[in-house]
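Based on these hints, arrange chain B on the given structure of chain A.
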Amino acid sequence: MTVRDDPAPPDLYQPSARRIERERFRRARTRRAGLLATGSTLATAAVLVALVVSSPGWSRTRETFFNWHYARKSLPDVLHGLWLNVQLMVVCGAIVLVAGLLVAVVRTLRGPVFFPLRALATAYVDFFRGLPLIICLLAVVFGVPALRLNGVPNDPVVLGGFALCLTYTAYVAEVFRAGIETVHPSQRAAARSLGLTSAQTMRYVVLPQAVRRVVPPLLNDLVSLQKDTGLVSIGGAVDAVAAAQIVASRSFNYTPYVIAGVIFVALTIPMTRLTDWVTARMNRRQSQGGTV
Amino acid sequence: MTADPPAKDAVPAPADPPVLCLESVRKTYGGSLVLRNITLDVPAHTVTALIGASGSGKSTLLRCVNLLEEVDDGAILLDGAEITDPRADQDAVRRRIGVVFQSYNLFPHMTVLDNITLSPRRVHKVPRAEAEERARELLGRLGLADRAGEYPDRLSGGQQQRVAILRAVATRPRLLLLDEVTAALDPELVGEVLAVVRDLKEQGMTMVIATHEMAFAREVADQVCFLDGGVVLERGTAAEVFGAPRESRTQDFLRRITAAGRL
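So the protein lines, in turn, are chains A and B.
According to this note's numbering, the first sequence is numbered sequentially starting from 66.
According to this note's numbering, the second sequence is numbered sequentially starting from 72.
Just so you know, these hints were derived from the structure itself, not from any lab.
Quantities reported herein were computed from a predicted structural model and do not represent experimental measurements.
Virtual Cβ for every residue (Gly too), placed ideally from N, Cα, C.
One should not assume that every hint holds.
Residues from chain A that keep clear of chain B, each with C-beta distances beyond 10 Å, as calculated [unchecked claim]:
(1) Val-163
(2) Arg-183
(3) Thr-247
(4) Arg-268
(5) Pro-273
(6) Ile-311
(7) Tyr-319
Beta-carbon label-pair distances, calculated as ranges [as the list claims (entries may be wrong)]:
(8) A:Ile-160 with B:Ala-163: 34 to 40 Å
(9) B:Glu-259 with A:Arg-89: 51 to 57 Å
(10) B:Gly-220 with A:Leu-107: 53 to 59 Å
(11) A:Leu-167 with B:Asp-162: 43 to 49 Å
(12) A:Arg-89 with B:Gly-262: 49 to 55 Å
(13) B:Ala-286 with A:Leu-167: 55 to 61 Å
(14) B:Gly-220 with A:Ala-254: 24 to 30 Å
(15) A:Ala-345 with B:Ala-255: 46 to 52 Å
(16) A:Arg-277 with B:Ala-163: 33 to 39 Å
(17) A:Arg-346 with B:His-180: 27 to 33 Å
One chain only, chain B, in its complex shape:
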C-alpha cells in the first residue's frame, strides 16, 4: 500500500529491536482485570495475530499500544523507546502508529479523499497536491479511484473499511494495528478487506491484528498469540498454534471456533 514500502527482503539484523515490545503489561478497568501480564515482541515486517474469546483483551491491548488507554503497569516499547512513560510525547507516538477500527470511524463530514489526506496534510505537513496525488494513487490500486469525492456514508461497508485502511497507511506508519477490521462486514465483503491486508503484508508492513477470522490469521500471521485470562497463554507460528495447540484452553477455543464454521 505504501509507495515506498519498507524493504521487505531486508532481513533485520538480530540486534534490531522489535518494532513493538510489550513487557508485563497490566490493565484494569474499574475493578475488573483485563490484561494481567502481557509480554510480547513484534519484529519488523511481521504480522502478529491476536486471537481469543470476546473479552479476552485483544482490543484493550491494541488500545493500550496506541495510548488510547493508559496501562496500569508494565511497559510498551516502540522501536526500543518506552512509549508508556508519562514523559513520552503521545502525539509523536501516535504519528508512527496506524489504527484501523472495527467500525471504520471515518469522518462522515469529509470526502473519502479528505479523510485520507487529513493526517498527511495537517499532521505531517505534506502539501495538498502531493497528499492528494498519493491518496488517489492508493485509491486507484484498490479500484476506488472513482470514489474519491464521495462521502463515507454512501459507500458499502467493505469500501469504507478499505478507505479506513488507506487512511491509516497514508502516513506511512511504522506499525499498523487492526482491530477486528472485518467483524462489522458482510461475509462477501470480508474478502476485499482481507486482500488489502494481505497486500500490506506483501509490502512488509509490520502489523498487529486482533481477529476472529482464523483462516485468515493462519494464512497471514507470522506469529499467533492466544489471549486468555489476561495473559498470552500460547504463542507460536500459525502452524504451531492452529495445527498443534498445546494448552487445553487453546484447544477448547479452537474447537468452538471450528464448530462455528470459522476455520
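Isolated chain A, as found in the complex:
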C-alpha cells in the first residue's frame, strides 16, 4: 500500500521541470510550424504570381478583366443590383428551408393513409431535383406570364424566385431526409416508449438531431442558392449580374463580371465560417474531448 499524496485539498501543485520543458518544446514546435507554413505560402504565392505575370497575354488579360477604371465605374451599379440578390436569397432561403423540411417529413410519414402524400412528395423531389434550374427558370419566368392567368404576377423577380424555390426545395428536402434517416432507430424507440406520439418524436427527438447533422450540407445548398439568384437576370431583373452585364456590354471590358463574382464570393465566406463555428461549438458541448 502506498499513500502518495494527501487526497484532500488544497492542491499545492507546482508544474514540474518536465512539464515546463515539454511545453517549451510544444511552443517551439508550434512556432516552427507557423514559420514553415508562412514560408511555404509565400513561396507558393511568389511562384504563382511569377507564372501568371510572365505568361503571354497577361497584359491583355489584366486590361480586360482587372481594369481599375471599369471596376470603379461598375461597382455602384453592381452593389445596387446585389441588394436584389440578397433579398432573393433571404426570402427564398427561408421558404426553401421550411418547405424542404415539410417535404422531408412528409416523405418519412408511415401508414397507408399517407401514401398519396408520400408519393406526391417523392415525385416532386425526383422531378425537380433532376430538372436543370435554367429550364425551370425559363419555363416559369417566360411561360407563366404567357398563360395570362388572373392574379398571377408577371414580375420576373417574383417568378424567378418561385422557380428557385421549386428547385432548391427539392434539394434541401433530400438533405433533411438524409439527416432524419441517420438518427438511430433506438432514439425513436426511446421516445415512443416515453409515450411521445409519432409527431412528438419527430418534433422533439428526431428533427433536432437530424437538423444539426445536416447543417454543413444545408449551408452548401444555401450558398448555391445565393449564387443562383444571379440567374433571375435572364428574365430581365436587374441584379448584380445584370448590372455587370450592362456595363460590360457597353465597354467590351469584363472587369464588372470579376467585381460581381468577387462580391458573391465575399458574401458566402462569412456564412461558411459562422456555420463552421456553430457546428464546432455544438460538437464540443455534446462529446468528450481527446487528442485523436
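Same frame as chain A, now just chain B:
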C-alpha cells in the same frame, strides 16, 4: 489468445523495466482535477486491476496511457521509454497497446473478420490470408468461428465484446488495457467475457483492467490499485487490498460494493 504467447514462465529479471510505468501523472479537464498524482508500475505478465468509485479517474488513466488524452504533468513509460514526450511517435506507441472499450466500439460497417484483421493488415502489413487465418483461429478458440462473416450489430453484447478483445489482441500488443469491459453486459454474459480475460492472463498478457467486478479483480489481479481523489490511495495484492484494506476510504468503498452484492 495469442498464437505465440510471451513466455509465461520466464520470470523477468529484476533489472527488467516494468512494461508500464506512471510517474506523478496529473490530468485536469477544464477546471476539474481528475488525476492528481498517479504513480504506478505494471511488471510484465502481470494483471493490474484499477478499482474505485465512478469518476475516480480509472478510465481517464487508461485513456492517458493510450495517448487518447494528453497528460498535464508527469510521465508515462512503456518498456522504459517515455511515451508522453511530445517527440514520441504516438502511432508507434498505440501499435504496441491494445484497448478494449466499455461499449465495444466495433466498426459496424465491417464483418467480424474484417474488424479483427483491420489493424494486422493495414497497420502491421500482415498478408490478408495470414491475418484471416489467425483471426479465424482466434475466433474458433472462443467458439465464434461461425460468426466470422456476421456484422457486429447482429451479435449479442457478450459476443461483441469478445470480438472486441480479439481485435485488440490480434496485433499481439505488449500491453492490453481493458476499460470496464463488462459494464454494458447482462450478468449472464459477463462470465463469457471474463473467461477470455482469464485465458489471456494464462498466456502471460500484461493487462491493466479498470473494473467494477470485484470478485473477478480479486481472482485475476496480481496487483490491485484503489483510486481515490486522483491518487492511488492504496495498492497491494488482491488479498491485501480486499482482505485487509488499510485506508478507511478503501474500507468504505468495499463496504458499499459489498452491500450492492458485487463482491
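To see whether the hints hold, each was checked on the structure:
1. Val-163: Per Cβ check, Val-163 (chain A) is outside 10 Å of chain B; nearest 34 Å; holds.
2. Arg-183: holds (28 Å)
3. Thr-247: Thr-247 (chain A) is indeed farther than 10 Å from all Cβ atoms of chain B, at 13 Å.
4. Arg-268: Holds, because the least Cβ-Cβ distance between Arg-268 (chain A) and chain B comes to about 28 Å, which exceeds 10 Å.
5. Pro-273: For Pro-273 (chain A), whose nearest Cβ neighbour in chain B is about 23 Å away, the distance exceeds 10 Å, so it holds.
6. Ile-311: Holds: least Cβ distance 54 Å, greater than 10 Å.
7. Tyr-319: Holds, because the least Cβ-Cβ distance between Tyr-319 (chain A) and chain B comes to about 49 Å, which exceeds 10 Å.
8. A:Ile-160 with B:Ala-163: 34 to 40 Å: Violated, since Ile-160 (chain A) and Ala-163 (chain B) (Cβ atoms, about 55 Å apart) do not stay within the stated range.
9. B:Glu-259 with A:Arg-89: 51 to 57 Å: holds (54 Å)
10. B:Gly-220 with A:Leu-107: 53 to 59 Å: holds (54 Å)
11. A:Leu-167 with B:Asp-162: 43 to 49 Å: At 48 Å between Cβs, range holds.
12. A:Arg-89 with B:Gly-262: 49 to 55 Å: holds (51 Å)
13. B:Ala-286 with A:Leu-167: 55 to 61 Å: holds (57 Å)
14. B:Gly-220 with A:Ala-254: 24 to 30 Å: Holds - the Cβ-Cβ distance for Gly-220 (chain B) and Ala-254 (chain A), about 27 Å, lies within 24 to 30 Å.
15. A:Ala-345 with B:Ala-255: 46 to 52 Å: Since Ala-345 (chain A) and Ala-255 (chain B) have Cβ atoms about 29 Å apart, the given range 46 to 52 Å is violated.
16. A:Arg-277 with B:Ala-163: 33 to 39 Å: holds (36 Å)
17. A:Arg-346 with B:His-180: 27 to 33 Å: holds (29 Å)
When the structure is compared with the earlier hints, violations turn up for hints 8 and 15 and for no others.
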